[in-house]
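Work from the hints to combine the two standalone chains into their complex.
Note that the protein sequences, when read in sequence, are chains A and V. Residue numbers for the first sequence follow our numbering, so the first one is 1 and each next one is one higher. Residue numbers for the second sequence follow our numbering, so the first one is 116 and each next one is one higher.
Hint data in this document are derived by calculation from the structure and do not stem from the laboratory. Small disclaimer: the values here were computed from a predicted structure and weren't measured. Backbone N, C-alpha and C define an ideal beta-carbon position, used for all residues, glycine too. Heads up, some of the hints might be wrong.
Stated by the list, open to error - With a cut-off of at most 20 angstroms between alpha-carbon atoms, the simulated SDA-like pairs for lysine to any residue come out as follows: (1) V:K213 / A:L73; (2) V:K213 / A:E54; (3) V:K213 / A:N50; (4) V:K213 / A:E98; (5) V:K213 / A:Q24; (6) V:K213 / A:S42; (7) V:K223 / V:A193.
What the hints assert, rightly or not - Covered by chain A, according to a simulated footprint, are these stretches of chain V (three or more residues, beta-carbon under 8 angstroms): (8) 150–161; (9) 215–226.
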Amino acid sequence: SAVISQKPSRDICQRGTSLTIQCQVDSQVTMMFWYRQQPGQSLTLIATANQGSEATYESGFVIDKFPISRPNLTFSTLTVSNMSPEDSSIYLCSVGTESGANVLTFGAGSRLTVL
Amino acid sequence: DAKTTQPNSMESNEEEPVHLPCNHSTISGTDYIHWYRQLPSQGPEYVIHGLTSNVNNRMASLAIAEDRKSSTLILHRATLRDAAVYYCILRGPSGTYKYIFGTGTRLKVLA
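For reference, chain V alone in the conformation it holds in the complex (with noise of 0.2 angstroms):
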């Protein structure tokens, strides 16, 4: 299976640009990269999802790089309101739909 890395913890001040590292090295071709967050006491919620190219919506924007080997989940202005867990997640084994989550990285931001 596909695994990524992510650091534990990371902190921001508010209203600043955060940078949310992601190793996926055993990437394979097919397998998009998702990114899901998780409020306090809320289930994750889906923030972004990529191929090869970078991507931006309403909530990030997310960079991929060149080899896909790795990503970074931006926040343009982090707030209050962006303090959780963030997961980033590769497909499970080839023709499945499952997902399997890593450790993912608690982001704390300062006022």
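So that you can see chain A by itself, here it is in the shape it has in the complex (with noise of 0.2 angstroms):
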């Protein structure tokens, strides 16, 4: 299965300022997921990061929020804009093996606490 890589870990923000978050992926895949988990929560699927294309984001994220880069098959970014108390959440990126079953692998994901 692939190993992905986030980066920070871990941050902790002051309201009204943006922070990326960046996935690095040891293999090429064609699309890497971006979910949210709110404190105590499970997880909610933010969007769908796709090479070469605008990402599909899912009711209730929009771009100017979340704004994602997809530059190649094994980097993303996902950047939380003009951050509140409410964007505090653990940041996660997926990948699937894009077959059959599509197993998923997440990264360890980054914890921003926005203060």
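Below, the structure is given as structure tokens:
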């Protein structure tokens, strides 16, 4: 299975600032998925990032708030813009095997705290 | 989207088997049933998956009902390290590779 590295692992941010999370995969994948996990909650899919096209956002998430880049088949970034305390969450990057059962592999996550 | 329903929490004694149920009555014919678990302070990790037949691997067994509307993850001998949130998930809209997570079951293992 793929190995995913996420940076930063954690950060404390000030209200109104933006932070970019990086996701690096050790193999080429077509789709990368970004999830948010609010404190004590399950995972919520933010968007699907395809190389060479605009990311596809889920209901409740917009590009202005969570811009995503996908410059190549092994890398993606998620920016959390104009942060508020409600954005304090763990953000996770994930990729799948993209065939058959499409088993997912997750990064360790980026824990953001917004003051 | 196909949804899953799991109990919020379960408890088990150490060294005893654990059966974690999942209902997925709206599953489509091509949906795989996946189980992941999330240990404290970690990202989810893959446990097992299946389509129609029961499956075994080194971590667990997956029993799938004949009508595929429910499944059970079986941990044969629970250890303290198995304490985690277990998620049963299905593929999102047909033709996509994305997965939608439900609330999961928090498993507590008692020493």
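* To do: Would you list, in rising numerical order, the hints stated earlier that this structure does not obey?
  => Going through the list in order, the structure violates no hint and respects every one.
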